[in-house]
Structures are given as C-alpha cells and as structure tokens.
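Undergrad: The primary structure of each chain is shown beneath.
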Amino acid sequence: MEDLITSLARGLGLGGVYALLGISFVIIYRATGVINFATPALMILGAFFTGAFGTQAGLPFYVAVVLAMIVMALIGLVLERVALRPMVGRPAFSAATVTVGLFIILLIVAGRLIGSELLTVNDPWGLNTLSVLGGTVFVVDLARLVIALVAIGIVGLFLVRSRTGLAMRATALDQETALAQGINVGRMFGLSWGISAAMAALAGALLTAGGSGVETTIALVALKALPVIILGGLDSFKGSVIAGLIIGLAESLTRTYQPLYAPWLGANFDIIVPYIIMIIVLMVRPYGLYGTKEVVRV
Amino acid sequence: MSATTESRRTVRGRAQLFTTYAAEMAIFNTGVKRFWIAIGVLAVLVLPFFLARDMVALVTTVFIFAIGGIGLNLLTGYAGQVSLGHAFFLGIGAYTAAVLGGEASRGVIGLGLDMAIWLPLAGLVPALIAFVIAPLAARVRGLYLAILTLGLVFIGEHIFKEAKPITGGAGVGRDPAEPVLFGFDLFSNHEFFGVRMDRFQVYYFAVFVIFVVMALAARNIARSRFGRSFAAVRDRDIAAEVMGVSLLRTKSLAFSISAFYAGIAGALLSIIIGRISPETWNFFLSIDFLAVIFIGGLATITGSIFGALFVVMLPKIVNSLTAYLPIGSGVGEGGIFNVFELQSIIFGVLIVLFLILEPRGLYGLWLRLRNYFKTWPFSY
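Chains as they are written, first to last, in our numbering: chain A, 1 to 298; chain B, 1 to 380.
Just so you know, not all the hints are guaranteed correct.
[Unchecked claim] Cβ-to-Cβ under 7 Å is the rule here; a few derived chain B residues that face chain A:
id : residue
1  : V140
2  : L143
3  : G151
4  : E162
5  : I238
6  : I287
7  : Q343
8  : I345
9  : V352
[Unchecked claim] Stretches of chain A that chain B covers, calculated by requiring three or more beta carbons in the stretch to come under 8 Å of a beta carbon on chain B:
id : region
10 : 80-91
11 : 103-112
12 : 218-228
13 : 261-272
14 : 277-284
[Unchecked claim] For the chain A half of the interface with chain B, some residues (derived, Cβ under 8 Å), not all of them:
id : residue
15 : I35
16 : S94
17 : A96
18 : T97
19 : V100
20 : V295
21 : V296
Derived by calculation from the structure, the hints in this document are not laboratory data. For glycine and all other residues, C-beta sits at the position ideal for the given N, C-alpha and C.
Input sequences plus hints: build the corresponding full structure.
TA: This is the structure in structure tokens:
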C-alpha cells in the first residue's frame, strides 16, 4: 500500500513531465507538421540554464526557471529561423531529419556546457517527503505534476483566448488560408518553436529537480515522450496530457512491481514500457487516442 | 542479343542516345560509367597494399556501412519509409552470425558453423523479423513510422542486454562470428601467389566481394518492377494502391530487403569491431545510417557508397585537422571542443546543411558538377 502511493505519486510527477514534453512536440507538429527530434537536447539545455542561473548565479529557483525558459524560447526562435525555415515545403521527414542533426549538435553543446562537475538546479523541494494516506510521497513529484499542469493550462488559455493563439491555431489548420487572412505564418512557426522550447526547458528543470544533477543522459527520458504523443495522437493537446499521465503511471508502477512479480523481464524493464504501450496502441488505433485520422485523396 | 549489340555499336560516342529500352535500363548504361567503375574497382584492388593497417580496416568499414546504407536507402530513399530502427536489424544480424558462427564460451552459445551458413542466415533472420513487424509498420505512415522504429531500437537494446546466453549481457558482450568460409579463414594472414597479406587485407577483399554483389543486387532491385513499385509507394501511396500496387506487400518487401542488408552489415561489422556489446546497436548507430543516406543522397546506390565513405572517414579527417584547430585532443581537455565532440558536431552540422542546401546529397553535388562541365562554357 505504501509502495503503491509512492509509486503513484512518482508516476504522476513523471507523467506531468511527459505531458509537458508531449505538448512541446505537439505544438511544433501542429504548426509545421514536423516532429522535433531536438526536443531532448532543448530539455537538457533548459535544465542547464536553470542550474546555471539557480546555482551559479544564485537566483531563486522560480526566477531561474523562468529565465531559462526565456533563454530557451529565444534559442528555439533562432533554430527555427536558421535551420527549419528553409525546409518549408520540403517533405516532412527531411525536416524531421534536420532536427535529428540539431539534436546531435545541441547534445554535444549541452554536454560541454554542463562539464564534468555536478550541477543541480537548486530547487526548493530536494528529497523532502510528505505523508499521504499512510504512504510516503516525495514533494518534488507533486510539484512536477502541479507546475506542469499549470504551465499547460496557461499555454492552453493562450491558444484559446488570445489573438495570437487564434492565429497559431489557424496556421495549424490551414497555412494558405491563414496567410490569406493576413497572418504572418512564418512568425507563427517561430512562435511555436519558442513556446515548445520553453516547455521543454521547464520539463528539464522539473525533471532534474529533486536532488539529481543535470546530465545529458536525461535525453533518453525526453525520447520517451515520443510514445506519449503517439498514444495521445500527434496533433492533440488533450491526448498528450492524458497519455503523459498514463505512460508516467505505467512506467512508475512497472518500476515498483515488475522486479517483484515478473523478474524474468530483466533489469530496467520500466524504461521500455512506454515503447511497448506505443506499439500496442499503434496496432489498435494508428492515430492514437485523440489524434485526427488523416483523410487522404489521390 | 545481336540486335542490342548492334544498336549499342551504332550509338558509340553519343552517350545519351539509347536506341533500345534495355540499353537505357542497363546497369552501366554509358561507356563513361563503365570506364570509371573499372578504374574504381582497380583502385580498390590495389589500395590495401599501400595503406596502413588501421586504414585498411577503416576502408573495410566503409564497405560495410555502404551495405547497410544501401539497405536503408532501399527502404527510405526508394520506398519512402523512414526508419530509425536500422541499428536493431544490424544487431539481430550480428547476433545471428555470432550464435551460428562464433565459439561457445562462458555461458554464451556459439555453434561454430561455416560462413557459408551463417552469412546468409545473418541476413535472412533480420529479414524474417522485419517481415513479421511489417504489417504493423505498414499501418502507419511517415513520422509515425519513424517513432515506431525508434521504439524498436530501444526494445531491441533491452532484449540484447537481457538475452545473456546469446549476447553476453550488458557491459560484457561476446566474441563475434568467425569468418571461416569452407575451412578458409578470411580473418587471418595468408599468402597468395607469393604475396603476403595480413588478416585485415584478406578480410578487406572478402568484404569487398560481398559489397559488390549486394550493391549490384540493390541496383537490380531498384530497376526491377519491385523498385518501380517502391517508388510508386513513395511518391503517392494511395495512387499506387489504386494502380494495383499492394501497399502491404510492397512495404513488407522493402522492410525485409532493408533488414537483410542491415543484418549482413551487422554481421560483417561485428568482426571488425572484434567484440560486440549490446550497447553497440543503439539509436546513434541508426542516426549514422540516416546520415549515410541523407549525406550520400536519397534513392541512389552510388550516393549511399559515397555517404558511407564520408561518414566513416569523417572522424579520421577531423582527427588530422586537430593540429590546425583550437581543439583539445582528448576528453575534457582544453580548447572549445575536443576531437570527439567536434566530430559529432560536424556530423550534425553536415546533416543539417546537406538537407537545407543540397537535398540530393553528395550525389546531387556530383550531378551539378557534371552538368556544369557538360554544358561548359555555357551555364545551361
């Protein structure tokens, strides 16, 4: 029972981070039709900047996070302008491969920036615990979930209520029509990348909170957000939040119970649980839970 | 037959004039091509006697990467199915070969069979697995497929780490297959007609022969009706289906052929590496192969070969540049980046630059150069 509660809380915390990363993928996918494989690297850079502002510059954690998000948003804008804008009108997988190239570059840059010394994001939660229903719950897990949901809520409100958000949605729906309405489509692409990079940065900060250091190996965590968006549907915000939580919970519960009940599956089996769920979902629903079914014409 | 020879004779000197369809579709349809292929083969045959030992191994790796790259190009370039899962099939090939052709030791299975048995099976087993997965892969399109195959790499890595009797387990690894063909060891020193060759040179020629066979086979597949159905599916899959090209069959075939090439490449690569660990077959190896085909040029066999040359040689080139650049030579040393970081960065930058500036890759650069001189001194 105690294990269950700790495990559920961890799953929800992880799920929050996955949801953020999922949103980060979905925003770019909706605007430009490209899956941004550089997201993991953006996340690590975000974590690095949070650490740099928080630990090395000594700023409070929340200020550091916001600053890191702003810096990453700017980097996102630049990346879009330099590397992705020339790819407009090319096949989607060419543009996606460009982001694979960006991933390699940014991963190395991030590794170099982080260096060999331990860098923490200096978060206020650390390894503090709460007692909930007789179980131990790490505060950081709750913080991850709450902050992630709040951030997603803000982005959602921005998209639904603001004029710019409307323009972004119009662009996602139909680029030519959006152009005809006087929307600067290129700027919307840039904005998508900016928001996406900021969300990735927040995810990175939340993921490295809780005592662990900033490392390039957390890239593998961000890649697990890809099964999340497949499960939720590539173009669905709602899907990516729900799928993020599902995958987070499934992974966390597997980590707790698989060594007890199914040790023959091997060590660290929880790492591949998201991918297995993804494959099963693709067999049943090729467009995920909430994805739009593609209508094709000859 | 005589008619073809006749017509070819009449157009001698006019490379672009084909009087029969067969002549145009021939593998080496122009005299210039035949000439340069001959020069290339000659160079390859002489090369290992002038190169240092490590360079011979490196050029062998180029051939192996070219085999794998051609396989991925058949799938991604010709059939238009993006795969990030190539490393998984390389791994399957390597372990199939190792189990069948390797030595048993310390809890690792090895049957010690002949290369004539393990080499074909190293291709067929991955092909079979791909064939089983293909119906699932055929259901999804474009980037969904890329993510699906990415999942394959991670699941594969986990299985490789856990299947200890086959792979030796994480961090331990096992010895690869032994390339003994009909009792003749292709990875040991030999003397032919009074010429002494070390094991790397012997293996170099063995891999080259396999490479030539597989490259020619790929070219033939590409110009056969299967190749045309690949292209039809790539260009417009619905239209292809309307015309009677079965999507499932075509995609399954493309997947299986690609996995066959990957398996052979994996088996041959494991012998060069010397000891294979489950971590070898990861996401980054898949990216290497994507780079081979994107830098080399999509949907060209020649491009894949040049892409492989480029990708494999890049670390060597960067290494030799270290003397002139402000970079450290080891991990964690001074300068802006060290050699390994610089290699990766240049790798990433090249992928981005080629895609943006010359989507047809090195092959496209070659076409531009050729067309420039073809019409010289006019610009068109």
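Undergrad: I35 of chain A was flagged as interface toward chain B. Is the shortest Cβ-Cβ separation under 8 Å?
TA: 5 Å, holds
Undergrad: With a cut-off of 7 Å, does the beta carbon of I238 of chain B approach a beta carbon of chain A closely enough for the hint to hold?
TA: Constraint on I238 of chain B satisfied, holds at 5 Å.
Undergrad: Min Cβ distance, T97 of chain A to chain B: is it shorter than 8 Å?
TA: 6 Å, holds
Undergrad: Between the region 80-91 of chain A and chain B, are there enough contacts, at least three residues with CB-CB distance under 8 Å, for the coverage claim to hold?
TA: Holds: 4 residues of the region 80-91 of chain A have a Cβ under 8 Å from chain B.
Undergrad: Taking 7 Å as the limit, does the beta-carbon of V140 of chain B come near enough to a beta-carbon in chain A?
TA: 5 Å, holds
Undergrad: Would you check whether V295 of chain A satisfies its interface hint, that is, whether its CB is within less than 8 Å of any CB in chain B?
TA: With a minimum Cβ separation of about 11 Å from chain B (threshold 8 Å), the hint on V295 of chain A is violated.
Undergrad: With a cut-off of 7 Å on the beta carbons, see whether G151 of chain B makes it to chain A.
TA: Nearest chain A Cβ about 4 Å off; hint holds.
Undergrad: Take the region 218-228 of chain A, compare each residue's beta carbon with every beta carbon of chain B, and decide whether three or more fall closer than 8 Å.
TA: holds (count 3)
Undergrad: Hint validation: A96 of chain A versus chain B, beta carbon distance must be below 8 Å. Holds or violated?
TA: 6 Å, holds
Undergrad: Double-check V352 of chain B for me: the hint is only fine if its C-beta lies closer than 7 Å to a C-beta in chain A.
TA: 4 Å, holds
Undergrad: May I ask you to test the interface hint for I345 of chain B with respect to chain A, counting a Cβ-Cβ separation under 7 Å as satisfied?
TA: 5 Å, holds
Undergrad: Is the shortest C-beta separation between S94 of chain A and chain B less than 8 Å?
TA: 5 Å, holds
Violation of the numbered hints given earlier is confined to hints 7, 20; the remaining hints are satisfied by the structure.
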